[in-house]
Amino acid sequence: MLDLLAQTGLNAVYAASYISLIAVGLVLIFGVMGVINFAHGELFMVGAYTVVALYADRHLPFLVAVAAGLVFVGLLGLVMERALFRPLRDNPLGGLVASIGFLMILQAVAVLGFGVRMVHVPPVTQEVIVFSDRIRLPVARLYVIVAAVVLLSGLWFFLKRTRFGWALRASAQDPEAAALQGISINQTARIAMFIGAALAGVAGALTAPLVSINPHMGHSVIVTAFIVIIVGGVGSLEGAVIASVVYAFVHTFVTTLYDGVIADIVGLSLMLLVLIIKPTGLFGSADRA
Amino acid sequence: MLLEAERICVSYGKVSAIRDITIRVPEGKIVTIIGGNGAGKTTTLRAFSGLVPLRSGEIRFLGKRIDGMSADKIVAHGIAHVPEGRRIFPNMTVEENLRTGAFLRRDHAAVEKDLADVFARFPRLKERRGQRAQTMSGGEQQMLAIGRALMSDPRVLLMDEPSMGLAPVIVEEIAQIIEEINARGLSVVLVEQNAELALELADMAYVLETGNMALEGPAHELHDNEHVRAAYLGL
Numbered sequence: 001m002l003d004l005l006a007q008t009g010l011n012a013v014y015a016a017s018y019i020s021l022i023a024v025g026l027v028l029i030f031g032v033m034g035v036i037n038f039a040h041g042e043l044f045m046v047g048a049y050t051v052v053a054l055y056a057d058r059h060l061p062f063l064v065a066v067a068a069g070l071v072f073v074g075l076l077g078l079v080m081e082r083a084l085f086r087p088l089r090d091n092p093l094g095g096l097v098a099s100i101g102f103l104m105i106l107q108a109v110a111v112l113g114f115g116v117r118m119v120h121v122p123p124v125t126q127e128v129i130v131f132s133d134r135i136r137l138p139v140a141r142l143y144v145i146v147a148a149v150v151l152l153s154g155l156w157f158f159l160k161r162t163r164f165g166w167a168l169r170a171s172a173q174d175p176e177a178a179a180l181q182g183i184s185i186n187q188t189a190r191i192a193m194f195i196g197a198a199l200a201g202v203a204g205a206l207t208a209p210l211v212s213i214n215p216h217m218g219h220s221v222i223v224t225a226f227i228v229i230i231v232g233g234v235g236s237l238e239g240a241v242i243a244s245v246v247y248a249f250v251h252t253f254v255t256t257l258y259d260g261v262i263a264d265i266v267g268l269s270l271m272l273l274v275l276i277i278k279p280t281g282l283f284g285s286a287d288r289a
Numbered sequence: 001m002l003l004e005a006e007r008i009c010v011s012y013g014k015v016s017a018i019r020d021i022t023i024r025v026p027e028g029k030i031v032t033i034i035g036g037n038g039a040g041k042t043t044t045l046r047a048f049s050g051l052v053p054l055r056s057g058e059i060r061f062l063g064k065r066i067d068g069m070s071a072d073k074i075v076a077h078g079i080a081h082v083p084e085g086r087r088i089f090p091n092m093t094v095e096e097n098l099r100t101g102a103f104l105r106r107d108h109a110a111v112e113k114d115l116a117d118v119f120a121r122f123p124r125l126k127e128r129r130g131q132r133a134q135t136m137s138g139g140e141q142q143m144l145a146i147g148r149a150l151m152s153d154p155r156v157l158l159m160d161e162p163s164m165g166l167a168p169v170i171v172e173e174i175a176q177i178i179e180e181i182n183a184r185g186l187s188v189v190l191v192e193q194n195a196e197l198a199l200e201l202a203d204m205a206y207v208l209e210t211g212n213m214a215l216e217g218p219a220h221e222l223h224d225n226e227h228v229r230a231a232y233l234g235l
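Chains A and B, in that order, are what the protein sequence lines are.
Numbering-wise, this note's numbering puts 138 at position 138 of the first sequence, and it's gapless, one number per residue.
Numbering-wise, this note's numbering puts 77 at position 77 of the second sequence, and it's gapless, one number per residue.
Do not take every clue at face value.
Stated by the list, open to error - Heads up, simulated BS3-like pairs for lysine-lysine below, C-alpha to C-alpha not over 27 Å straight-line:
#1 A:Lys160 to B:Lys126
#2 B:Lys64 to B:Lys126
#3 B:Lys29 to B:Lys113
#4 B:Lys29 to B:Lys64
#5 B:Lys113 to A:Lys160
#6 B:Lys113 to B:Lys126
#7 A:Lys160 to B:Lys73
#8 B:Lys29 to B:Lys73
What the hints assert, rightly or not - Listed next, with one range per pair, are the computed distances between beta-carbon atoms:
#9 B:Gly36 to A:Leu75: 50 to 58 Å
#10 A:Leu75 to B:Glu196: 52 to 60 Å
#11 B:Ala214 to A:Trp156: 51 to 59 Å
#12 B:Glu180 to A:Leu78: 39 to 47 Å
#13 B:Lys64 to A:His59: 56 to 64 Å
#14 A:Leu63 to B:Asp117: 45 to 53 Å
#15 B:Lys64 to A:Leu78: 31 to 39 Å
The set of hints was computed from the structure by calculation and includes no laboratory data.
Where is the CB? At the ideal position from N, CA and C, for every residue including glycine.
Please model the entire structure based on the sequences and the hints provided.
Here's what the structure looks like:
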């Protein structure tokens with residue numbers, strides 16, 4: 001029993017890692033730009049396909065493919081900022097609708113380029129850390145955990161300790177007052193969009209060898225991310241990370257003990273429960289970021 | 001002339017907010033804009049700092065046109081705006097708020113010196129430097145907003161209703177701070193509902209009524225003006 005708990009705990013830590021990468025990006029974009037990016041799951045998908053194209057098909061080193069996924073999806077975020085969200089800045093609903101259109105374009109491009117079939121990426125490493133007979137951690141999963149910790153710590157440092165990080169938080173809290181300090185809203189929007197998209201892309205790239213990849217894989221990702229940011233409190237980065245951990249543990253344990261469908265139901269019920277008890281989310285307030 | 005608005009008009013949609021307003025701010029002076037609710041005082045100040053576009057007219061800073069520039073560019077010229085309602089960043093610490101005021105500056109040594117100056121001027125901000133700004137009282141938040149504006153090392157300070165919602169003893173303190181800031185050579189444009197306070201502090205005064213310039217002149221003259229006394233000073 002203890003073994004099972006430990007093993008499921010490890011699985012949950014892995015799930016929490018990539019979920020928090022996605023959720024934090026979504027929260028950052030919402031905080032700074034005030035827009036809900038429905039295409040966030042598809043940015044994750046594009047990151048995964050970058051690894052398919054560069055690592056599986058062209059046999060480039062995995063880390064190179066992951067770095068390319070990070071940069072490419074980050075640049076895609078810049079394109080979205082310029083082409084969709086900036087022209088629609090005064091219209092948050094317009095930004096949301098535009099992002100839904102963009103997610104359909106990304107799905108269609110993925111179908112055209114790679115087909116609708118599931119794709120599997122060859123494993124990066126078969127190594128497994130064996131704690132005991134029944135507690136094992138595949139090294140590929142460890143990579144995801146380490147990457148998430150490093151990237152999220154880096155983001156935290158950036159936001160709390162650098163002047164551009166302060167600028168980002170300032171424009172999330174009060175865009176007009178930020179402009180009065182000489183902070184360019186276009187610039188902070190670009191930074192937020194690049195970071196948010198790149199985090200989704202790198203999550204997709206890192207997990208690519210561990211999941212089956214298809215053009216519609218973003219759907220379940222965005223649903224999970226929405227649950228997490230609602231539980232954590234829309235606009236709270238810390239809340240997104242903590243809620244990712246809570247959700248991942250609940251979901252993984254219920255999946256292990258019962259099955260995945262029940263786990264989804266429990267996850268959504270958790271969200272409803274939080275909304276009933278504390279509508280602003282566990283760490284949310286009326287203010288943002 | 002340090003800062004001047006020449007016949008500026010601003011409208012929100014089809015509604016005209018201010019019409020043909022001309023205001024001159026000489027170097028080192030305190031200029032006040034008084035008037036009732038909805039007279040266009042805040043709009044005038046927002047036009048100076050680029051938060052609202054002009055429909056017509058010109059704004060010049062040291063002879064150079066700045067109308068049409070975005071707000072974040074105008075700050076770089078040396079115009080700092082302490083907005084109505086203070087608008088500090090609630091979830092950032094006091095020190096982070098102040099340093100954000102110096103966002104554009106590259107002269108790091110001078111920034112540290114200015115930060116020390118602000119802390120010397122507002123000891124309570126120093127005591128609370130690590131505290132989240134939203135946990136402070138209204139008066140402290142107003143001092144933070146002023147401190148943040150000073151951190152950009154401006155030539156002119158635009159202040160929108162700095163006395164709003166504050167206890168009389170704090171208002172007195174704010175008035176003293178404005179005089180001190182001005183004594184160091186900084187020009188101030190002061191928008192106030194508290195006309196008594198504003199006319200006491202200012203060198204020059206403008207009176208706005210429903211978007212039009214009603215009166216202008218040296219502050220002490222307007223203080224003795226019959227119309228001003230009746231309409232704004234309640235005398």
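Now for the hints, and whether the structure bears them out:
The suggested pairing of lysine 160 of chain A with lysine 126 of chain B holds, with an alpha-carbon distance near 19 Å, which does not exceed 27 Å. With a C-alpha separation of about 37 Å, the suggested pairing of lysine 64 of chain B with lysine 126 of chain B is violated against the 27 Å cut-off. The straight-line distance between the Cα atoms of lysine 29 of chain B and lysine 113 of chain B is roughly 24 Å, inside the 27 Å bound, and the hint therefore holds. Distance restraint check for lysine 29 of chain B and lysine 64 of chain B: the Cα-Cα separation of roughly 19 Å lies within the 27 Å cut-off, and the hinted pair is therefore satisfied.
For the hint pairing lysine 113 of chain B with lysine 160 of chain A, the CA-to-CA distance comes to about 22 Å; that is within 27 Å, so the pair holds. Distance restraint check for lysine 113 of chain B and lysine 126 of chain B: the Cα-Cα separation of roughly 14 Å lies within the 27 Å cut-off, and the hinted pair is therefore satisfied. With a C-alpha separation of about 25 Å, the suggested pairing of lysine 160 of chain A with lysine 73 of chain B holds against the 27 Å cut-off. In summary, the hint linking lysine 29 of chain B to lysine 73 of chain B is supported, as the alpha carbons are separated by about 24 Å, within the 27 Å threshold.
At roughly 52 Å, the beta carbons of glycine 36 of chain B and leucine 75 of chain A sit within the given window of 50 to 58 Å. Taking 52 to 60 Å as the suggested C-beta distance range, the pair leucine 75 of chain A and glutamate 196 of chain B conforms, at roughly 58 Å. The given range of 51 to 59 Å is respected by alanine 214 of chain B and tryptophan 156 of chain A, whose C-beta atoms sit roughly 54 Å from each other. Between glutamate 180 of chain B and leucine 78 of chain A the beta carbons are some 46 Å apart, a value that agrees with the proposed interval 39 to 47 Å.
Distance hint for lysine 64 of chain B and histidine 59 of chain A: a CB-CB separation of about 59 Å, consistent with the stated range 56 to 64 Å. For leucine 63 of chain A and aspartate 117 of chain B, the hinted distance range of 45 to 53 Å is satisfied, since their beta carbons lie about 49 Å from each other. Distance hint for lysine 64 of chain B and leucine 78 of chain A: a CB-CB separation of about 33 Å, consistent with the stated range 31 to 39 Å.
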